[in-house]
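> Sequence:
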Amino acid sequence: MTHNCIQLGKRSTSTICKRASISHPKQNVTIKCNYPRSLSASSNVILHSVPENYGNVGMILLQKGKPVIPQQQYRRPFKYPFPTSFPTPTQVFFLMAPSTDLVDFCVRLPKVELHAHINGSISPKTMHQLMDRKRAMGTLNEELAAWQVPDSLERINDFFALFKYIYQLTEDEEAIRITTRNIIDEFAADGVKYLELRTTPRKNPATGMTKESYLAAVLSVINEPRDDIVVRLIVSIDRRNTLEEAFEAVDLATKFRSQNVVAIDLCGDVSKGSFEALKPAFDKAKSLGFKITLHFNEIMENMVEAPALLAFGPDRLGHATFLDDASRQHIYGNNIPVEICMTSNVVSKTVDSYETHHVKALLKEKHPFVLCTDDKGVFFSDLSNEFVICSNTFKMNKEELYESSYRAIDYIFADTKTKEHLKQVWNEWRMQEFN
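Per UniProt numbering, the very first residue in the sequence shown carries number 1; after that it's consecutive.
Treat the hints loosely; a few may be bogus.
The following label-pair restraints were derived from C-beta to C-beta distances [stated by the list, open to error]: (1) 135 <-> 332: 51 to 57 Å; (2) 240 <-> 210: 17 to 23 Å; (3) 146 <-> 210: 50 to 56 Å; (4) 311 <-> 366: 21 to 27 Å; (5) 304 <-> 335: 20 to 26 Å; (6) 185 <-> 101: 34 to 40 Å; (7) 259 <-> 203: 39 to 45 Å; (8) 135 <-> 283: 44 to 50 Å; (9) 335 <-> 421: 20 to 26 Å.
Derived from the structure by calculation, the hints contain no laboratory data. A virtual CB, placed ideally from N, CA and C, is assigned to each residue, including glycine.
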């Protein structure tokens, strides 16, 4: 988000910067701006508009990426005395730690994740593991060996370029099994009790991996017995696919249906391809009884497709960032649940800020939505972090966070027995947490 919240002196209204950029990782909020040349050593910097859910605030000055003074910790009202001498220009960072109580609650809270792409959910830790594996096998090429696994959002200059390296790390069935298992473990550790992963079948002739063996590898892990999380699979059709490839994806989903494949998804680069070209494959999937979720209106340019996508009758919509009156009326009127990925939208710049995110309208209208991560490995935001962000941004209390999580059970692609089991888990947790 952006704030005019950093002021000089006790009464001064002048600002260090008019638009301080604030990001929201779960561990901290970082305010970054340029240190003014005119600031005197006797000045205080006062940080305003600090959310109530944040406790300690630290400050650090950097020049050319190196600390000028050690990081200092302050408590409210967050007034910062500056050193007697300093180089200019300098960047100033304020590090705000969220309330430990809120973060811990959001991790403990049982949660449902319904929009998680496998390849985008690979954590940096798993990327390092896969690189070490290729190194040990002697298959690590020079380009991949020179690549630095990103450890922060600032390191990702090109979102789609990252997948070039991810695909090289996951080009055989064992790598797919390692990846899928780690992703499920990480979601479970974050308090997710029901997870729908999604992926587009991939092949790699060089390693002998086919689209069928790819899905078989994913499902072999999804169906490993465990009692801490329930996992299902959505087979995605990429907008760039040919109609033949789309039919192939539906056929594979049908073949593996008994192994917990529950739905078909339309995904991929929103500037490529069209739904109309792939619609016959989705018609077939629907006739076979598969649930359907569609990435919908992620960018303005996609709005031309909205009538066709909505007329198809999807069971859920992903993102639904831009809505004209006709789309809004149809979605609200038919109570179509929306998969909300706040951090993904903010980082991808399809929305300006968390405060202006379209989930605000859904909250106001009490329309069905589910908080999701989209690509937790790429955007460095797990599901509990999305709940922390939603709480801080829209002043949701713990009861409201719980109710939002509980309602999500009604929107999962699972049978009644699974939904009833999950509701029992949620109710038992609530009794222990709130009583």
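> State for each hint whether it applies.
Going down the list of hints, with the structure as the test:
1. In this structure the hint that residue 135 and residue 332 lie 51 to 57 Å apart at CB holds, the actual value being about 52 Å.
2. Distance hint for residue 240 and residue 210: a CB-CB separation of about 19 Å, consistent with the stated range 17 to 23 Å.
3. For the hinted restraint 50 to 56 Å between residue 146 and residue 210, the CB-CB distance of approximately 30 Å leaves it violated.
4. A hinted range of 21 to 27 Å holds for the C-beta pair residue 311 and residue 366, which are about 25 Å apart.
5. Take residue 304 and residue 335: their Cβ atoms lie about 24 Å apart, and the range 20 to 26 Å holds.
6. As the Cβ distance of residue 185 to residue 101 is approximately 26 Å, the hint placing it in 34 to 40 Å is violated.
7. Here the CB-CB span from residue 259 to residue 203 is close to 19 Å, at odds with the stated 39 to 45 Å.
8. Between residue 135 and residue 283 the Cβ separation comes to about 46 Å, which falls inside the hinted range of 44 to 50 Å.
9. Range check, residue 335 to residue 421: Cβ separation about 24 Å, and the 20 to 26 Å hint holds.
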